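Let the hints inform the model, and build the full structure from the sequences given.
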Amino acid sequence: MSFSDETLAAYVDGELDPAAGAEIEEAGRRDPSIGARLEQYRGLRRRLRAAYAAELEEPVPDRLLAALQSPAPDASSVLDLRTARAAKEHRKAATAHRRYSLAASVLVAVGVGFFSWRHFHSSAIERVNGTLFARGALAAGLSDQLSGAGTSGAAVRIGLSFVAKSGRYCRTFVFAADAGLACSDAGRWEILVLAKPAASEVAHSGFRTASSAIPVTVLEAAEREMSGEPLDRAGEMRARGSHWSNPPPPASTAPPPYD
Amino acid sequence: MNTTGTSENVREQIAALLPRLRRFARNLARNPHDADDMVQIAVERALARLDQWRPDARLDSWMFKIVRNAWIDELRSRGRQGRVFVGAEAGELVGESAIDREADLLSVQSAMAKLPEDQRAAVSLVLIEGLPYKEAAEVLEIPIGTLTSRLARGREALQRMLAPPEGRKT
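So the protein sequences, as listed, match chains A and B. Under numbering that gives the first Met the number 0, the letters of the first sequence match residues 0 to 258, in that order. Under numbering that gives the first Met the number 0, the letters of the second sequence match residues 0 to 169, in that order.
Think of the hints as simulated: they come from the structure by calculation, not from any bench. Just to be clear, a hint being listed does not mean it is correct.
[Claimed, not checked] Computed cross-link-like contacts, DMTMM-like style, restricted to lysine to aspartate or glutamate with a CA-CA straight-line distance of at most 25 Å:
{"no.": "1", "chain 1": "B", "residue 1": "Lys113", "chain 2": "A", "residue 2": "Asp4"}
{"no.": "2", "chain 1": "B", "residue 1": "Lys113", "chain 2": "B", "residue 2": "Asp55"}
{"no.": "3", "chain 1": "B", "residue 1": "Lys133", "chain 2": "A", "residue 2": "Glu24"}
{"no.": "4", "chain 1": "B", "residue 1": "Lys64", "chain 2": "A", "residue 2": "Glu222"}
{"no.": "5", "chain 1": "A", "residue 1": "Lys164", "chain 2": "A", "residue 2": "Glu222"}
{"no.": "6", "chain 1": "B", "residue 1": "Lys133", "chain 2": "A", "residue 2": "Asp61"}
{"no.": "7", "chain 1": "A", "residue 1": "Lys164", "chain 2": "A", "residue 2": "Glu189"}
{"no.": "8", "chain 1": "B", "residue 1": "Lys113", "chain 2": "B", "residue 2": "Glu140"}
{"no.": "9", "chain 1": "B", "residue 1": "Lys64", "chain 2": "B", "residue 2": "Glu137"}
{"no.": "10", "chain 1": "B", "residue 1": "Lys113", "chain 2": "B", "residue 2": "Glu155"}
{"no.": "11", "chain 1": "B", "residue 1": "Lys64", "chain 2": "A", "residue 2": "Glu14"}
{"no.": "12", "chain 1": "B", "residue 1": "Lys64", "chain 2": "A", "residue 2": "Glu56"}
[As the list claims (entries may be wrong)] One-sided and incomplete, this derived list gives chain A residues near chain B with beta-carbon spacing under 8 Å:
{"no.": "13", "residue": "Glu5"}
{"no.": "14", "residue": "Arg44"}
{"no.": "15", "residue": "Tyr51"}
{"no.": "16", "residue": "Leu55"}
{"no.": "17", "residue": "Glu57"}
{"no.": "18", "residue": "Asp61"}
{"no.": "19", "residue": "Leu63"}
{"no.": "20", "residue": "Leu64"}
{"no.": "21", "residue": "Gly147"}
{"no.": "22", "residue": "Ala163"}
{"no.": "23", "residue": "Asp231"}
{"no.": "24", "residue": "Met236"}
{"no.": "25", "residue": "Gly240"}
Just so you know, these numbers come straight off a predicted model, no measurement behind them. Every residue, glycine too, gets a C-beta built ideally from N, C-alpha and C.
Next comes the structure, spelled out in structure tokens:
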């Protein structure tokens with residue numbers, strides 16, 4: 000009786016039913032060449048498993064555990080964006096008056112946010128000719144951290160990153176009890192929107208980091224500015240590598256280069 | 000939603016899978032840093048799509064597939080940018096520090112790193128992660144026949160590279 004390599008390998012991989020397996024075992028005992036082939040497959044499997052066994056014992060990096068623990072509603076930028084878009088769809092039937100009041104509420108949020116920042120975080124923000132810029136820990140977090148990657152010790156947490164219609168990189172962030180939208184500007188981070196998470200948003204979800212949820216006003220501002228989709232992890236890493244300057248044109252409007 | 004209990008449970012199960020996900024990602028990327036980035040992307044994607052996971056499906060296969068797709072996305076974006084594939088060019092090995100002293104283990108990993116990507120993925124899922132053919136084929140989105148032929152070629156190449164000293168030359 001002869002068996003194909005594929006059949007013998009499938010047996011060693013546990014893919015054959017018991018009857019076929021017994022037949023092969025029996026053949027292996029009778030025919031040393033079949034026995035040797037079986038042993039070759041078993042030996043390779045053993046060596047591979049042994050060679051890679053140690054990797055399972057390595058400690059898992061904190062950032063992976065942190066990624067797993069972040070609450071679902073803002074675990075991913077995609078989800079954040081969906082939330083924002085769902086909220087927008089919801090408002091489509093709204094009146095123009097309501098739109099104006101929404102815009103006004105963003106302005107109020109910016110104003111209120113700014114005063115609270117000036118009060119509590121003056122070391123993290125500066126005002127130059129009427130424009131707000133991040134500095135210190137906030138600027139460093141915006142430049143260095145990946146979205147959602149803030150560990151429990153990090154002062155800044157990034158929500159989503161994207162390329163704005165203005166052709167620069169922007170990121171939503173949470174810093175202390177405030178949240179906002181910042182866009183890269185010649186090596187600095189200009190803060191376009193500042194807001195506090197609404198108390199009800201904080202109280203509503205029971206997650207540990209609920210107080211750092213990015214408020215809807217900021218998400219809406221982000222969606223207005225955004226060109227295309229938010230950056231994924233790889234895109235963020237490339238942007239960080241280029242120091243958040245010169246984003247590529249949106250993939251939807253420019254064909255990929257073939258050179 | 001009313002799925003909080005289930006979702007917490009799934010998070011715990013994913014946490015338990017992290018070592019295997021990292022190992023699989025390393026076998027794909029051949030670079031531990033890229034591998035961890037991919038696992039992180041996969042975890043985030045999985046959390047965003049928990050509703051797509053059916054409890055009767057194997058969670059490990061589902062997660063392996065997300066890791067694998069994250070890797071494909073990464074390769075595509077590298078290709079678009081014309082960037083050099085670091086792992087392949089440098090032949091970078093993973094986990095060197097842990098296995099330096101074990102020449103055999105190192106040679107197994109070197110041999111794995113030299114396999115073409117499709118064979119490496121198949122060998123990794125079936126021979127190292129222990130997935131049944133059917134599950135591995137689903138992870139890689141290929142027919143079982145394609146999987147077994149990649150496995151056979153991968154096995155053959157590994158046997159050649161790892162030929163025992165007593166020399167069974169084909």
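Against the structure, the hints come out as follows:
no.	hint	verdict
1	B:Lys113 to A:Asp4	holds, 22 Å
2	B:Lys113 to B:Asp55	violated, 36 Å
3	B:Lys133 to A:Glu24	holds, 23 Å
4	B:Lys64 to A:Glu222	violated, 30 Å
5	A:Lys164 to A:Glu222	holds, 10 Å
6	B:Lys133 to A:Asp61	violated, 33 Å
7	A:Lys164 to A:Glu189	holds, 15 Å
8	B:Lys113 to B:Glu140	holds, 23 Å
9	B:Lys64 to B:Glu137	holds, 8 Å
10	B:Lys113 to B:Glu155	holds, 13 Å
11	B:Lys64 to A:Glu14	holds, 21 Å
12	B:Lys64 to A:Glu56	holds, 22 Å
13	Glu5	holds, 6 Å
14	Arg44	holds, 5 Å
15	Tyr51	holds, 5 Å
16	Leu55	holds, 4 Å
17	Glu57	holds, 7 Å
18	Asp61	violated, 11 Å
19	Leu63	holds, 6 Å
20	Leu64	holds, 7 Å
21	Gly147	holds, 7 Å
22	Ala163	violated, 20 Å
23	Asp231	holds, 7 Å
24	Met236	holds, 7 Å
25	Gly240	violated, 11 Å
The structure fails hints 2, 4, 6, 18, 22, 25 (numbered hints given earlier, in ascending order).
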